[in-house]
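Sequences and hints are given; from them, build the entire structure.
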Amino acid sequence: MKKIFQILPLTFVLAACSSTFGSAAKDALTYEAAVSQPAKAILGKKMIVGGPVIAYQYSPSQTQIEIASAPLNEESAPAKIANNKDRAIVIVNGYIPPEELDNVRFSAIGRITDVAQIERYGKSTVIMITADDYRIWRASKPMFGPSSKPRYGYKYDL
-7 MKKIFQILPL TFVLAACSST FGSAAKDALT YEAAVSQPAK AILGKKMIVG
43 GPVIAYQYSP SQTQIEIASA PLNEESAPAK IANNKDRAIV IVNGYIPPEE
93 LDNVRFSAIG RITDVAQIER YGKSTVIMIT ADDYRIWRAS KPMFGPSSKP
143 RYGYKYDL
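Residues -7 to 150 in this note's numbering are what the sequence shown lists, from first letter to last.
Hints were generated in silico from the structure; no laboratory data involved.
Beta carbons: idealized from backbone N, C-alpha and C, even for Gly.
Treat the hints with caution; some may be incorrect.
Claimed, not checked - Calculated lysine to any residue pairs in the SDA-like style (CA-CA distance at most 20 Å, straight line):
#1 Lys38 / Ala17
#2 Lys32 / Ile104
#3 Lys18 / Glu92
#4 Lys32 / Asp19
#5 Lys115 / Pro30
#6 Lys37 / Gln49
#7 Lys77 / Ser51
#8 Lys72 / Asn95
#9 Lys38 / Gly14
#10 Lys32 / Val107
#11 Lys18 / Ser28
#12 Lys72 / Glu92
#13 Lys37 / Asn95
#14 Lys77 / Ile104
Said to hold, decoys possible - Here are the simulated distance ranges between beta carbons:
#15 Gly36 / Glu91: 28 to 36 Å
#16 Ala16 / Pro63: 26 to 34 Å
#17 Ser15 / Arg112: 31 to 39 Å
#18 Ala33 / Asp94: 30 to 38 Å
#19 Asp124 / Pro63: 16 to 24 Å
#20 Lys77 / Thr105: 27 to 35 Å
#21 Gln56 / Gln109: 30 to 38 Å
#22 Ala47 / Ala131: 35 to 43 Å
#23 Asp125 / Asn95: 20 to 28 Å
#24 Gly86 / Asp106: 30 to 38 Å
#25 Gln49 / Ser15: 31 to 39 Å
#26 Leu35 / Asn85: 15 to 23 Å
So, in structure tokens, the structure goes:
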């Protein structure tokens, strides 16, 4: 029984140091790695991406979230600064209410379903993925008043 109590804290430390998406994040492409390859070569591959939410829209069974790609830390949380020219569109099955997507950072891991070159933000590549898993990163400061609590238990310092 004593050994369990000796091993348990180590388990929590190791779990806290790993990525939010677990071992799947180790094999996933980043945005930078994906855009450096030909579009046909990356379709269907696993990708991890994150950044501030720029826009979102809904279909009957999905939420489509557009983000500006930002570097991710070891927990898969996006950095504070993103490159507005580097965009990703994440398709999430199900409905995410608009109040959960306003003024947040978003990270997701999933399969690449489409790649497009656009001129809208200057010449850039937009990568679309269908999310297997995602996280919403809220500011640690209350966003909607003093009684607000960060949803999902995730905090992101501003």
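Does the Cβ distance between Gln49 and Ser15 fall inside 31 to 39 Å? With a Cβ separation near 32 Å, Gln49 and Ser15 satisfy 31 to 39 Å, so the hint holds.
Do Gly36 and Glu91 keep their Cβ atoms within the hinted range of 28 to 36 Å? holds, 33 Å
Starting from Lys37, check that the Cα of Asn95 is at most 20 Å away, please. Roughly 29 Å separates the two Cα atoms, so the pair is violated.
Given pair status - Ser28, Lys18, alpha carbons within 20 Å: Holds. Lys18 to Ser28 sits at ~18 Å (cutoff 20 Å).
Is the Cα-Cα distance between Lys18 and Glu92 20 Å or less? violated, 28 Å
Are the Cα atoms of Lys38 and Ala17 separated by 20 Å or less? holds, 9 Å
26 to 34 Å as the expected CB spacing between Pro63 and Ala16, which holds or is violated: At 18 Å between Cβs, range violated.
Taking 20 Å as the top limit, are the C-alpha atoms of Lys32 and Val107 close enough? holds, 9 Å
Range agreement (Cβ of Asp94 with Cβ of Ala33, hint 30 to 38 Å): holds, 36 Å
Straight-line alpha-carbon gap Lys77 to Ile104, limit 20 Å: holds, 19 Å
Taking only the CA atoms, is the gap from Lys38 to Gly14 under or equal to 20 Å? holds, 13 Å
Take the C-alpha atoms of Lys72 and Glu92, compute the straight-line distance between them, and say whether it is at most 20 Å. holds, 18 Å
When each numbered hint is compared with the structure, violations occur for hints 3, 6, 7, 13, 16, 20, 21, 22, 24.
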